[in-house]
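Enquirer: Positions 244 to 318 (the numbering used here) are the ones given, in order, by the sequence shown.
Quick caveat, the hints were computed from the structure, so don't treat them as lab data.
We put the CB at the ideal spot given by N, CA and C, even for glycine.
Treat the hints with caution; some may be incorrect.
[Claimed, not checked] For each label pair, taking beta carbons as the anchor points, the in silico distance ranges come out as:
{"id": "1", "residue 1": "F316", "residue 2": "E251", "range": "16 to 24 angstroms"}
{"id": "2", "residue 1": "E293", "residue 2": "E255", "range": "33 to 41 angstroms"}
{"id": "3", "residue 1": "E251", "residue 2": "R307", "range": "31 to 39 angstroms"}
{"id": "4", "residue 1": "V254", "residue 2": "Q296", "range": "35 to 43 angstroms"}
{"id": "5", "residue 1": "V254", "residue 2": "V292", "range": "29 to 37 angstroms"}
{"id": "6", "residue 1": "H252", "residue 2": "A317", "range": "32 to 40 angstroms"}
{"id": "7", "residue 1": "I311", "residue 2": "Q285", "range": "35 to 43 angstroms"}
{"id": "8", "residue 1": "A317", "residue 2": "E251", "range": "39 to 47 angstroms"}
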Amino acid sequence: MQNNNFNEHLVEQRVTYSLEKDGQFFIVENVPARVNIETGEQFFSPETVEQLQQIILHQPQPARFMQIPVYQFAA
């Protein structure tokens, strides 16, 4: 059971979801999520998670391509 105080800090937003799988990056824009306004943590409905999995597994034609730089973190 979730604390009602916790739910008061969640707002419905559209977010960008990103995932790295087998060395390939996937970015899905405009994903519906409940976002904790204090922590930024994102929560997705089971239906949204299922749709994200389908997009990543079946890789339909993307809306666009992006080129991103990759950096190494040197300690």
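Enquirer: Determine whether the Cβ-Cβ distance between H252 and A317 falls within the hinted range of 32 to 40 angstroms.
Expert: 37 angstroms, holds
Enquirer: Determine whether the Cβ-Cβ distance between A317 and E251 falls within the hinted range of 39 to 47 angstroms.
Expert: 42 angstroms Cβ-Cβ, so the 39 to 47 angstroms window holds.
Enquirer: Range first: 35 to 43 angstroms. Now tell me if the beta carbons of I311 and Q285 are that far apart.
Expert: Taking Cβ atoms as reference, I311 and Q285 lie about 20 angstroms apart, which means the hint is violated.
Enquirer: For the hint 33 to 41 angstroms, verify it against the beta carbon of E293 and that of E255.
Expert: Given range 33 to 41 angstroms: violated, Cβ gap about 18 angstroms.
Enquirer: Cβ-Cβ distance between F316 and E251: within 16 to 24 angstroms?
Expert: Given about 37 angstroms between the Cβ atoms, the range is violated.
Enquirer: Just tell me: holds or violated, for the beta carbon distance of E251 and R307 against 31 to 39 angstroms?
Expert: Once the Cβ atoms are compared, 37 angstroms apart, the range 31 to 39 angstroms for R307 and E251 holds.
Enquirer: Does the Cβ-Cβ separation between V254 and V292 fall within 29 to 37 angstroms?
Expert: Violated - the Cβ-Cβ distance for V254 and V292, about 19 angstroms, lies outside 29 to 37 angstroms.
Enquirer: Taking the CB of V254 and the CB of Q296, does the distance hold inside 35 to 43 angstroms?
Expert: 24 angstroms, violated
Against the hints set out earlier in the document, violations occur for numbers 1, 2, 4, 5 and 7.
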